[in-house]
Amino acid sequence: MKEKVSIEKGSVQETLMLPLFGRYKANKRYPRLFKDTTAKTIIDRIDYDIEQADMGKGPQLVYGMRQDITERMARRFLNEHPDALVINIGCGLDTIFDHIDNGRCRFANVDFPEVIEFRTRLFEHRDRTVNIGMDANDHNWMDFVGYNEGDSVFIMSCGVLFYFQREDVQRLIDAIGRRFPGAVMCFDYENAKMLERSNRAVRKTGNKGAYMPFSMEDGKKEIMAFSDTVESVTVLERLPEDYNCIPLFFRWYFKRCLGTGSMTFAEVRFKG
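Going by the working numbering, the sequence shown opens with residue 116, and the numbers climb by one from there.
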């Protein structure tokens, strides 16, 4: 059993509490829908008043949905490519690998060195997993994920690209397409109006340094223009049917967000 880990107020580690606690609360409220039971285990290993990270029911659902949709996309890919390499860009304290591991695939976590160091203190060591402490904009991380020519690759990035500059997102997508031909990448994004709301919500938590600049108005068109390595882009336009268990207002709200593209997910397929 790992000893409890302390975190400092205002630290990078403290910002990781928001999605972690959000997923935990979403799982607690809607256990039929969200299955992030690992979040509670990680919370119990942290010496911190986690209730400070409570942003309310709406953000809790967003954090839960963000991981759930990503897991569904990853499982679909692994059903076709069970020996795939799965890369998590900006992994934070994500618990996705605990839920999608089929016993054959390999995992690579990529995040800033201080985040990876914090993560390794909280998570048990896993076989077939490598942790890479690097800035995702330093594309040399691609040298350390364990990729071999011909590998099937699935790349996820949950709630991360918002914090990138547009040109950095473009360079990252182009680099992925050239380094991992035939790969599939999924990430979430918002349009400019929704992103401003998100920035206001984060500022209300007292975190004034976590500004999010990246947004898209027409995800499919814009991503296709980022790189000639992109073969196709699919944008999520509707909620899965089992989301009918969440309250009516939130069902309406998220359906509207997906339908208008104000908050949604992109699945990018690269040319082989």
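Among the hints, erroneous ones may be present.
[As the list claims (entries may be wrong)] Calculated lysine-lysine pairs in the DSSO-like style (CA-CA distance at most 27 Å, straight line):
#1 143 / 172
#2 336 / 319
#3 370 / 150
#4 335 / 319
#5 143 / 119
#6 308 / 335
#7 124 / 155
#8 319 / 370
#9 386 / 370
#10 319 / 155
#11 155 / 119
[To be verified] Label-pair ranges, simulated between beta-carbon atoms:
#12 150 / 352: 21 to 31 Å
#13 339 / 127: 25 to 35 Å
#14 173 / 353: 14 to 24 Å
#15 241 / 339: 33 to 43 Å
#16 367 / 125: 28 to 38 Å
#17 252 / 352: 41 to 51 Å
#18 318 / 258: 32 to 42 Å
#19 191 / 118: 30 to 40 Å
#20 339 / 194: 34 to 44 Å
#21 229 / 147: 29 to 39 Å
#22 375 / 162: 34 to 44 Å
#23 347 / 162: 23 to 33 Å
#24 241 / 119: 33 to 43 Å
What the hints contain is simulated information worked out from the structure, not anything from laboratory work.
For clarity, every value in this text was computed on a predicted model and none was experimentally measured.
Glycine is no exception: its CB is placed at the ideal position from the N, C-alpha and C atoms.
Against the structure, the hints:
| no. | hint | result |
| --- | --- | --- |
| 1 | 143 / 172 | holds, 11 Å |
| 2 | 336 / 319 | violated, 33 Å |
| 3 | 370 / 150 | holds, 21 Å |
| 4 | 335 / 319 | violated, 32 Å |
| 5 | 143 / 119 | holds, 22 Å |
| 6 | 308 / 335 | holds, 18 Å |
| 7 | 124 / 155 | holds, 21 Å |
| 8 | 319 / 370 | holds, 26 Å |
| 9 | 386 / 370 | violated, 31 Å |
| 10 | 319 / 155 | holds, 25 Å |
| 11 | 155 / 119 | holds, 13 Å |
| 12 | 150 / 352: 21 to 31 Å | holds, 24 Å |
| 13 | 339 / 127: 25 to 35 Å | holds, 34 Å |
| 14 | 173 / 353: 14 to 24 Å | holds, 19 Å |
| 15 | 241 / 339: 33 to 43 Å | holds, 35 Å |
| 16 | 367 / 125: 28 to 38 Å | holds, 36 Å |
| 17 | 252 / 352: 41 to 51 Å | violated, 30 Å |
| 18 | 318 / 258: 32 to 42 Å | holds, 37 Å |
| 19 | 191 / 118: 30 to 40 Å | holds, 38 Å |
| 20 | 339 / 194: 34 to 44 Å | violated, 26 Å |
| 21 | 229 / 147: 29 to 39 Å | holds, 36 Å |
| 22 | 375 / 162: 34 to 44 Å | holds, 42 Å |
| 23 | 347 / 162: 23 to 33 Å | violated, 46 Å |
| 24 | 241 / 119: 33 to 43 Å | violated, 21 Å |
Of the numbered hints stated above, those contradicted by the structure are hints 2, 4, 9, 17, 20, 23 and 24, listed in ascending order.
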